[in-house]
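Undergrad: Can you join these two chains into the complex? Each is in its own frame, and there are hints to help.
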Amino acid sequence: MSKYTEDDLREELKTKEYEYGFFTDIESETFPIGLNEDIVRAISKKKNEPEWMTAWRLEAFKVWQAMEEPDWANVNYTKPDFQAIAYYSAPVAVDPNKTLDDVDPDLLAMYKKLGISVDEQKKMNNVAMDIVVDSVSVATTFKKTLAEKGIIFMPISEAIQEHPELVRKYIGTIVPTTDNFYAALNSAVFSDGSFCYIPKGVKCPMELSTYFRINQGGTGQFERTLLVADQGSYVSYLEGCTAPSRDENQLHAAVVELIALDDAEIKYSTVQNWYPGNAEGKGGVYNFVTKRGLCEKNAKISWTQVETGSAVTWKYPSCILKGDNSVGEFYSIAVTNNHQQADTGTKMIHLGKNTRSTIISKGISAGKSQNSYRGLVQINSRADNARNFSQCDSLLMGNDCGAHTFPYIEAKNKTAQIEHEATTSKIGEDQIFYCNQRGIDTEKAIALIVNGFSKEVLNKLPMEFAIEAQKLLEISLEGSVG
Amino acid sequence: MLQIKNLHASVEDKSILKGINLEVKAGEVHAIMGPNGSGKSTLASVIAGKEEYEVTDGTILLEGEDIDELAAEERAHKGVFLSFQYPVEIPGVSVTNFIKTAINETRKSKGLEEMPAKEMLQLIREKAELLEIDRKFLSRSLNEGFSGGEKKRNEIFQMAMLEPKLAILDETDSGLDIDALRIVANGVNKLKSKDNAVIVITHYQRLLDHIVPDFVHVLYNGRIVKSGGKELAHELEEKGYDWIKEEVNA
Chain W
537 MSKYTEDDLR EELKTKEYEY GFFTDIESET FPIGLNEDIV RAISKKKNEP EWMTAWRLEA
597 FKVWQAMEEP DWANVNYTKP DFQAIAYYSA PVAVDPNKTL DDVDPDLLAM YKKLGISVDE
657 QKKMNNVAMD IVVDSVSVAT TFKKTLAEKG IIFMPISEAI QEHPELVRKY IGTIVPTTDN
717 FYAALNSAVF SDGSFCYIPK GVKCPMELST YFRINQGGTG QFERTLLVAD QGSYVSYLEG
777 CTAPSRDENQ LHAAVVELIA LDDAEIKYST VQNWYPGNAE GKGGVYNFVT KRGLCEKNAK
837 ISWTQVETGS AVTWKYPSCI LKGDNSVGEF YSIAVTNNHQ QADTGTKMIH LGKNTRSTII
897 SKGISAGKSQ NSYRGLVQIN SRADNARNFS QCDSLLMGND CGAHTFPYIE AKNKTAQIEH
957 EATTSKIGED QIFYCNQRGI DTEKAIALIV NGFSKEVLNK LPMEFAIEAQ KLLEISLEGS
1017 VG
Chain X
59 MLQIKNLHAS VEDKSILKGI NLEVKAGEVH AIMGPNGSGK STLASVIAGK EEYEVTDGTI
119 LLEGEDIDEL AAEERAHKGV FLSFQYPVEI PGVSVTNFIK TAINETRKSK GLEEMPAKEM
179 LQLIREKAEL LEIDRKFLSR SLNEGFSGGE KKRNEIFQMA MLEPKLAILD ETDSGLDIDA
239 LRIVANGVNK LKSKDNAVIV ITHYQRLLDH IVPDFVHVLY NGRIVKSGGK ELAHELEEKG
299 YDWIKEEVNA
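Those protein sequence lines, which keep their order, are chains W and X.
Just so we're aligned, residue 537 is where the first sequence starts under this note's numbering, counting upward by one.
Just so we're aligned, residue 59 is where the second sequence starts under this note's numbering, counting upward by one.
Chain X extracted, bound-state conformation (with noise of 0.2 Å):
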């Protein structure tokens, strides 16, 4: 699904990736942990492609297509889906308006016809649902006003609509009380499938107790400098970073 050979990437002039090595497969689930500014939401913007980021080096294959080259919604196109840490707010747009654009774009981009609007109406009721949405906040503007949680349940719903082969998920547990992590987290879990992958992007274990990693990698200093099953998320909740950055030190 995604080959990430050799990544360094900065912003600004200043080198933030500094050779990131990492291979996801098609139904597997990934967590990226580390420190504050190691580099985590850098990786998440240089995969979908946001221009401030220039890769200096290094390659990014999706589906052993290099997408280097490509635009960010020409990646969100092939599948690629990025649930933001501070979602933007769009005054104006309400949340259905925004998701049937997104979605009729994106299969303009395929030759596709437009989804019928009684086909759209009931993946958007069926996805509302399965997030515990209720219909009246599909007709909010994006972004405007909500709270933390209800930002992030709105991030993992247009990702269900859209069904991304890709989806990385920053920092999508910060700002969610228990119950709504949970929601989320059966919502990410309902949509995993053989054919997809998910890289979370966390800093606390609590997540990944909800969704469960098949592999976890420790990103220090732009460089992945430990891997493991998820037993290693378990491992960092105890002991935190420092023994990691003292062994990368030394």
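Just chain W, with the same shape it has in the complex (with noise of 0.2 Å):
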């Protein structure tokens, strides 16, 4: 790809506000606001699912009922009315067997200003991709290229239809309905999100990407991703989001779950840009998330993520090292500005022999916002030789913000080897002036500050990613500087 320097990235960074807060007035059909059994019905009916799909869902539907909203976390925001939101929206026009040509033009204009042109895509970048606006999945390029290597990569409502030994086998098996709160939420109500299933031995040859938006006003997003990969295959899969600037608070619950089978690897990177609310701390996403993997023997699955965007982020995607040999690696960047809440981390559940695990967080805060890292990393009484490393970085910028570390480590075979590192750092006036010297402005040494501050990390992702991340961060910094 054409070299992009630093200077194209300024170029593209006058616009200071959000934006991708536009909304774009498509034709939806929206269920009323509301949750109970009949709405889980009329959800599992309307994707024309079968019996123990309808099944599955009721019964997470109950599960969740006789469960109470988690308050652990270091964060505080006025819990949502889970019955005041809209459980399904769908642009109206979709027909499951449509093309590219058959998308309503409206929609294509939207992806053309979130920066995808679904064709550019198709040809430059070698990314298949699915795009989940609002509750379905619009469009999936690439199929009959993955097809041919026996991939399947589709929104999961059709995977229900057409590979429901597949999904029956192995939905809810990492994230089970009972889990938690919201997860038990996301699997009584969800209605799209990605399949995708790589087969033995195969590499899959290009990134697999799903791109999700929250559209409608006043409606949940509850995606959910399941993500197979068979003896000895790799895949790498990419996660963007973004939604319009609103003064409401949208509740976004996803779940993803990955399983990586014998001598398998999984990478997932996800650069998450939920509208952060704005400037005083009004609207924004709630982004609660539950994310988790398995490996089986000699399998790997690394998570990178990029946090820029939402009001509160609760997530932490987390590795079950089931396998012997397996490895689990997170990579996160997390940045809070004004009066955006952070809770976000993983955990390394090591239950293998010689399991090893690598955890490095970079958390940035500035404005007057709170991010916290909060990582488990849990090392079983069989799990002979078990590693993990950990580092956490905070960077602050000014004097209103606040990082926070809470790591739990629970060992219980002696030959466990944990390391844990931990630093805290302010961006200097005398760093800032080092620069200005040199002819940096105050903006740009701080947009170089923290690119280098988040390095180790940014590193992790894929090429189009970075160069998407490091913008991001620029964008949630801007005007950060007091």
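Worth flagging that the hints you see were computed from the coordinates, not collected in a lab.
Among the hints, a few may not be true.
What the hints assert, rightly or not - As a list, the in silico EDC-like pairs of lysine to aspartate or glutamate whose alpha-carbon atoms are at most 20 Å apart:
#1 W/K962 to X/E109
#2 W/K739 to W/E801
#3 X/K108 to W/E979
TA: Below, the structure is given as structure tokens:
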């Protein structure tokens, strides 16, 4: 790809406001607000789901009703009124057998605004894409190319129809319906998301990508992603998210389940840029997400995330290292500005022998925001020679923000080796003056320092994503210099 | 090049510079010497435009233009360079990336395009050679884990890359062993021309054996109390500063 210099980057940064804050007026079908068994049944019916799926949802709904919203995270917000949300919204012109040509031109115009030209993606980047707007998947590219390798990449609603045996076998095995409040809710009402299956021994030849977009007001988005990498296979998966700017808070409660069978490898990257609310803390997305992966023997799962959006983030992408010699990695950059709050981290559960995990977390706080790392490293009694390395760095900008670290370690095996390093630093006036003296103005200096601070994680992202992420870091922090 | 008239400056309401007068012409090398706490580093910071320092009286003219109202980066764009006594670390930002950003920001301020990558690379190669800098050094994080000598050599490398009109070297000799001192001084000498000027701030004579000044000024208690030729530096080396203090206080 052509070289992208920091100046190009600068050029694109002339707008300081959240640039994805537009609303596209597409005709949508939205369910009435509120949640009860009938709504759950209606969603299932709308999706033409088999009996077992409906029953599964209803079970989850029952579980959810008995649960309470968790409040242990280091965040403060008004709890959503779950009866005031519409649980299904879909652009009407969607036909499950569509090709790109059939897609509503307004939708295509929206993608363009989002910077996604589906055609271009096809040609240039070798990225297969699934796009989810509000509750349904509207376009999946590259299906045919992938099918030749036996790779299944499609909206989960379609997968339930076309590959029920696979979905039924794996869904809810990593994140059970009873796992937590939001996971239970998601299980009851999820309307779409992506499903991906990589057959034995296949290296997926391109990045798979899903783009999530909340468009309608007053709706929640509950997508479900299920990704199965069969023995010896490899896949790199990217996920991006945006939403319009709205005064009210929107709820996003997703579940992502990854299964890496023996010798398989999954790289899962997220750039999360949901609307963070305005500078006074009004509006913004509540992002309550459960992401977890299971590694069988010699398997590897890497989570990489760049979290710049959302008013409140509650998210802990985790790895269950069940198989011997399996590897879990978590690389994270979380940026909070203005009144944003993030409580994010990971869980590494070591069950197998010789399992290894690495955690690199970079938190950047500005404005009046609060940024917490919360992580658990658990070494089971049978996990001989398990190793973990954790590094949590926090960078503070200004005097009104906060950085917090909550590392939990539970080791039940004497052979475990666990290392934890943590640093907190502040962008110093001396650093800024040094840059200024070399002709670099303060905004640019901060971008430079922040990018340097985040480099270890940015390097883990696929190229196109790394550039986007770098841009996002700058946008998120613009105007944060006092 | 640089004209400083009756400059008074303070930090946190503490008066440090108390009426400095200094004229530096293109092609000249001036040395500013003086005991600790006399205001040498403050003078360097004030010329460079550090915000914490408040100019309470007097003017600083660069090529006839009053630069008092200009931000530090604008002064840099006009050709002011400060080699820091204590260069800061910027983790994760390589020497190359940093200097590239500095050059391109300066070019942008003048309405110029970015320097083409090829040209940049060639310039880096040439200047690195001049200062006997190893290639590997250029990919390291700026000043992170650098020895004292590496930090100072890196400062002069940046100076070489930016080709300033006015370079102020603040205690560049501190932390340098004799070989590094020679390399750094050679670098500065090769960069000297009739169109630029250098101000060397130092405690000791030894750097001035390598970078020979046209004028030597003694700063004491916020004022220049004595000026002379290079022989003044020798005298100071021999006799220390006490006789100057006595002269002033008499």
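Undergrad: Taking the numbered hints from earlier one at a time, note which ones the structure violates and give those numbers from smallest to largest.
TA: Every hint satisfied by this model.
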